[in-house]
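Number of protein chains: 2
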Amino acid sequence: MPYFDAASSAPLHPVARQALLAALDEGWADPARLYREGRRARLLLDAAREAAAEAVGCRPDELTFTPSGTRAVHLGVSGAVSARRRAGRRVVVSAVEHSSVLHAAGRFAVTEVPVDRLGRVSESAFAGALGPDASGEGVALACLQSANHETGTEQPVAEVAGACREAGVPLLVDAAQSLAWGPVGAEWSLLAGSAHKWGGPAGVGLLAVRKGVRFAPQEPADERESGRSAGFENLPAIVAAAASLRAVRAEAAAEAVRLRGLVDRIRARVPGLVPDVEVVGDPVRRLPHLVTFSCLYVDGETLLHELDRAGFSVSSGSSCTSSTLAPSHVLRAMGVLSEGNVRVSLPPGTESADVDRFLAVLPELVAGVRAKAGAPAGPARPGAGESGGAGGSPVVDALGRRCPIPVIELAKLLPRVPVGTTITVLSDDEAARLDIPAWCEMRGQEYLGERPSDRGTAYLVRRVS
Amino acid sequence: MPYFDAASSAPLHPVARQALLAALDEGWADPARLYREGRRARLLLDAAREAAAEAVGCRPDELTFTPSGTRAVHLGVSGAVSARRRAGRRVVVSAVEHSSVLHAAGRFAVTEVPVDRLGRVSESAFAGALGPDASGEGVALACLQSANHETGTEQPVAEVAGACREAGVPLLVDAAQSLAWGPVGAEWSLLAGSAHKWGGPAGVGLLAVRKGVRFAPQEPADERESGRSAGFENLPAIVAAAASLRAVRAEAAAEAVRLRGLVDRIRARVPGLVPDVEVVGDPVRRLPHLVTFSCLYVDGETLLHELDRAGFSVSSGSSCTSSTLAPSHVLRAMGVLSEGNVRVSLPPGTESADVDRFLAVLPELVAGVRAKAGAPAGPARPGAGESGGAGGSPVVDALGRRCPIPVIELAKLLPRVPVGTTITVLSDDEAARLDIPAWCEMRGQEYLGERPSDRGTAYLVRRVS
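So the sequence lines, in the order shown, correspond to chains A and B.
When we follow this note's numbering, the leftmost residue of the first sequence carries the number 251, and every step to the right adds one.
When we follow this note's numbering, the leftmost residue of the second sequence carries the number 251, and every step to the right adds one.
Hints were generated in silico from the structure; no laboratory data involved.
By construction, the Cβ of each residue, glycine as well, lies at the ideal position given by its N, Cα and C atoms.
Watch out, some of these pointers could steer you wrong.
[Unchecked claim] Among chain B residues calculated to face chain A with C-beta under 7 Å, some are:
# : residue
1 : A354
2 : A452
3 : A471
4 : T552
5 : L554
Using the sequences and the hints given, assemble the complete structure.
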């Protein structure tokens, strides 16, 4: 049963499992104690820190183990910003950072740097945001991911690091998605990672803070981990995390080539196999193992359920699969279609045959979900154009209907109105704000914008072909 | 090789190990995902929460898993205090709480309730501290441990909980040391625990917040654990933690009786085997597995080292074994001797023969350490009394000398001065503040108090017998 959601959490690497078992026996004591069990635990902790630091590309005394990648980000952001109060209280982030970064930065004033349709920030836009803003508030910290967790798009970290250095602003790199594949080749000031993304166990994150970077821990005092991460060290898991990072790195070069080939196959073939699909993310500068696409007129949750029944575990940034009712902020920032969104992230060792089987079942599953939702059979054909009932201004009332229904109703009505007609779609579903313009772009129709309505929002679309 | 430091960290319970291994295979995926691996992880998480809640004595939806006991305390204190800003910003704690409680409370105004020589707070003193203070500042939260981690003394939690209820103040109980032995039989509002203290793995704490208790999480938003503890759940460890809590509880009643017998043996025999020993903590209302004593004229670190060489792993609250140069705040609050302090905490399964072996080697080891430090051979004998050189006011200059030297020098000089003479001990060692008065109490001499000196402090002792 192929598991294609490595970007959420990867199964434990065999080396990690072995290391964990050994460390359960040897490393359960308090490494701060002076007796033999404590000294043994301290040796294991020191060795794990050295191994992890080497893989990260930093000194062991720059590396702190945290209970999760999220905690690493929270501690890193608060410690770095608080140490630079005099420089300013503003945090510059890309609009597509992981939610842990956005939430941690949200404690302060935030400047979001937008991304292009491939999900990549422009170096110059990021550099431009590093100066004081209109109110004169300076920048305490910049945050940029090494690669995006939903699209795989790699960010121009080296270039942004250069701009940060020139501006005298420390840069925190969230490397959670890329650390399995190699160190971050840029002059970062702080770096965060998460072990269960690289085949290590849950319960271990890492925060590296370069010597010389000002850092002021903000939590209650604690003597563990140089005062940077409170609580008894999760030692067996730390040992396993370090061991698995070494192990995946040893296999990374070969596995990256192999998985990149499998992902290229998906990227190339899905648009031919499934009509009305948008493959998103940078086709070249991307993580080797991750690809994301969105299927028009498809309810994401239903499609995930069908894929699960067919034996494939994938995730989705569609609003209907999240508890927030809003589509992924990453897809929103990119301005791409969010409905029927599928993220495939292949764990190391994924077999070619499993990818082929995925490509074999996908078209039928998508067609089935579309049929159930009453989606139009094919692209809106420029053609006759029925002169729909209501004279010049037909309305699609999709209030109370969730994604993908508003877009489906629009797509059904459009071919029945004359070219030049403006259609108003009324919707109170957050996904419509993203998906109606995205549909217009895909279909070559004109999106005229939105305006407030009695309930929800009115989206205006003009038929141009 | 007997390990006698269960209060620091206990070896993994066999049941925990088994549960961890199973959960590594079944519970590595994200429990928030809808596919089969995610659903399986969710089932494991729900079952672990139910089992842990039953053992704690709360509803599953009142229980949050955290990455450590320290984090549980930090999150509990900040969330509870912040939710009651309008009632006040003061936190009432016992003076002998764990450092995680004291540090978390230290973010706010703190009222410390003193303890008696057995390490127990008085219910009435605690109740008296729950009203507004002189400045009118109200109390947001009270914190009381179920039992002390250094002395084993049980606190009057039920009585204090009653006083808190009357005063309308929520009570956080740090149950880290007692949870293995049973639920906290009192009406707490919040409760914190730590799995590696009950034979579970590191990386798991728990925070219970009773329904109806106001609680406002203070950290960046995160959807895990009902927004109360950020970061990917450490699921295999959580499963193991819950399993081991059930397992130790099943054995708790019988094991408590057995270990209490072994501890009673140590309490009864050590004062006879080793001269000049003070056994500290409540002899009756105490944890079953823990006993602490202090040895006059003994350097704690040297004694721990000698015990380690003899195969016994114990811990100490002496200043010379800590990185802070200050003796344990618990011993300080009790006003008992801190030098040569040894804490013995027996893990479940400790054998009677190991305790006997400990009692067999201890006297010789203490005698050896004392001889090395040049300690006086026996108690100061009231006797001749040499009329020491410097007329009426002899001085012991122990500046720059660390514990136990200041007390040793005092003990050597005292028998050589006439009864009625006041000796001045000059010391800049923080332990002297505790150990000189404690020595006077043990020896029946009069402690006259301290006053500032050019360097360090002058402690005044009058020979009365």
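Going down the list of hints, with the structure as the test:
no.: 1; hint: A354; result: 5 Å, holds
no.: 2; hint: A452; result: 5 Å, holds
no.: 3; hint: A471; result: 5 Å, holds
no.: 4; hint: T552; result: 11 Å, violated
no.: 5; hint: L554; result: 6 Å, holds
The structure is inconsistent with hint 4 alone, although it conforms to all the rest.
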